[in-house]
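Colleague: These protein sequence lines map, in sequence, to chains D and C. Residue numbering for the first sequence is 1 to 261, as defined by this note's numbering. Residue numbering for the second sequence is 1 to 283, as defined by this note's numbering.
Simulated from the structure, these hints should not be mistaken for laboratory data. Check before you lean on any hint, since a few could be wrong.
[What the hints assert, rightly or not] Label pairs and their calculated CB-CB ranges:
1. C/216 with D/178: 24 to 32 Å
2. D/237 with C/136: 37 to 45 Å
3. D/179 with C/88: 47 to 55 Å
4. D/40 with C/97: 25 to 33 Å
5. D/108 with C/70: 29 to 37 Å
Nothing here was measured: the structure is a model prediction, and the numbers come from that model. Glycine included, every Cβ here is placed at the ideal spot set by N, Cα and C.
Below, each chain spelled out in residue letters.
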Amino acid sequence: MKRSDASSADRRGRRRFLKRASLGMATLGLVGCDRLSQNEQVVDTLDLAEQLNLRVQRFLAGERGLAPEYPTSMIDQTFRPNGSTDPQASRYRQLAAGQFRDWRLGINGLVDNPLSLSLDELRAMPARTQITRHDCVEGWSAIGQWRGPVLADLLDRAGVQSGARYVIFHCMDQLGGEDFYYESLDLSEARHPQTILAYSLNDAPLPIANGAPLRLRAERQLGYKMAKYLSSITLATDFDDIAGGKGGFWEDRGYTWYAGI
Amino acid sequence: MTDTLEQPRSRLKHRHRLPVRLWHWLNLWCLIVLLMSGLQIFNAHPALYWGSASNFDNPWLEMYAIRGTDGDIQGQTALGPWVFDTTGVLGYSSSNGQSTVRGFPDWLTLPSYQFLTMGRLWHFFFAWLFAGAGALFALYALFSGHLKRDLWLPASQWRGLGRDVLDHLRLRFHGTRGGYNGLQKLSYLGVLFVALPMMVVTGMCMSPTVNAAAPWLLDLLGGRQSARSIHFIIAGSLVLFVIIHLLMVILSGPIRQIRDMLTGGRCQTPAAETQRSAYHETK
């Protein structure tokens, strides 16, 4: 309901992408079932399930239902990294070479007090420590201990304006070439008590492979939502004008915006 | 006019009632799409684990490709301590004339080419159809008397189960035109009230948001990776059920069986049926 027009526009865009991507593969010569995956009406219909998943799951879990947390004994020794594991963008290389001393997190857009915070300033904030399970859309899971400020505290400090509906996370890595990674959460998921910006994994500074210096943890979502290598956060009414317009790097490539299943 | 008068009687005589037939054929399509899109999703990470997280060094089932000693690429499937060469089917198979590293082969996945997000769209849409229709059918079975009348085993059938198993193994079938035999009822009950609901529950337990809604359900299943494994195993047992089901249809007069599941078919009158079962009891 919250995402009425913006969402239908970006879903239309995503369908166009899915169709294009499928048509690209049609040159391979495909069987009957594959033709359906390339039919816009078929994909439109299949897409209805995303809204149903979002509404039913939000209803079941509530705004504040907590993701399971695990004992220290269950922490995985190496937390499997995925997607970008060693960003090559020159700006990122420079910041990493300086131990991220010159890095700052910007919080801007529809806020009363735009912020620019250093790693030390973020470390000085009240932090939440949580041992949670990370579920990749591919099917595997890994357990790690994360620490960092609760996103809701940062949003309160910046003062979110009433028109804002989405929190958009901009990243410093270019997964697979040109496009910078980005992601988005709606305010309800962004204000969840377990949604934190982690600067630490398993009691050590966040490694580069896992998103140094700062990454998002949204524990009720799949891994692709949890943007790594954060550079700034924007509060906005929609994400139509950002990159492909579907609210995230993988969303622009056909994945559903709602990543709770 | 006579039609409306006749209706109650003719409906009584149907071997398969309308809700049974509708659900049967809808379910067939749901299960085909869910299986094939499910294998597409599985192929994104063709390995299974027990517990909450993935111990990447120790999956209980894994499909992958290796470079053999002779330089050829081989598809392998590792099940516990055993490793099988499954080149051409599992681990490494040809797709559109090109050999690729993939868990299940292209003729078993939807879409045939590797495209995880499209598999997920198919899977979740049909999961809703399947769960919705299944829940309605379970309610129908409970409240229409279908469960009690056609599916539940009377005492005599419970006692006769051993003989039923032996008869099935000898491929000796009684043409039970009136109702299902004991073993058949037991397998339908298992599918309807155990396997299908478990597919829904284990499927939902792979969702991190559902885990937040019902962490106890995840604990009950032994963690998310266990849920994924159980989901896969029950899917496999449903495939086995369908194979045996088809075999039984073929062995017991396929034309009549399929026609009856389409049109409803005709039952023998209750009197004749009682006589027949009495005949079986005394035989």
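Colleague: Does each hint fit the structure? Answer for all of them.
Modeller: Taking the hints in turn, this is what the structure says about them:
1. C/216 with D/178: 24 to 32 Å: violated, 45 Å
2. D/237 with C/136: 37 to 45 Å: At 40 Å between Cβs, range holds.
3. D/179 with C/88: 47 to 55 Å: Violated, at about 37 Å.
4. D/40 with C/97: 25 to 33 Å: holds, 28 Å
5. D/108 with C/70: 29 to 37 Å: violated, 60 Å
Checked against the numbered hints given earlier, this structure breaks hints 1, 3 and 5; the rest are met.
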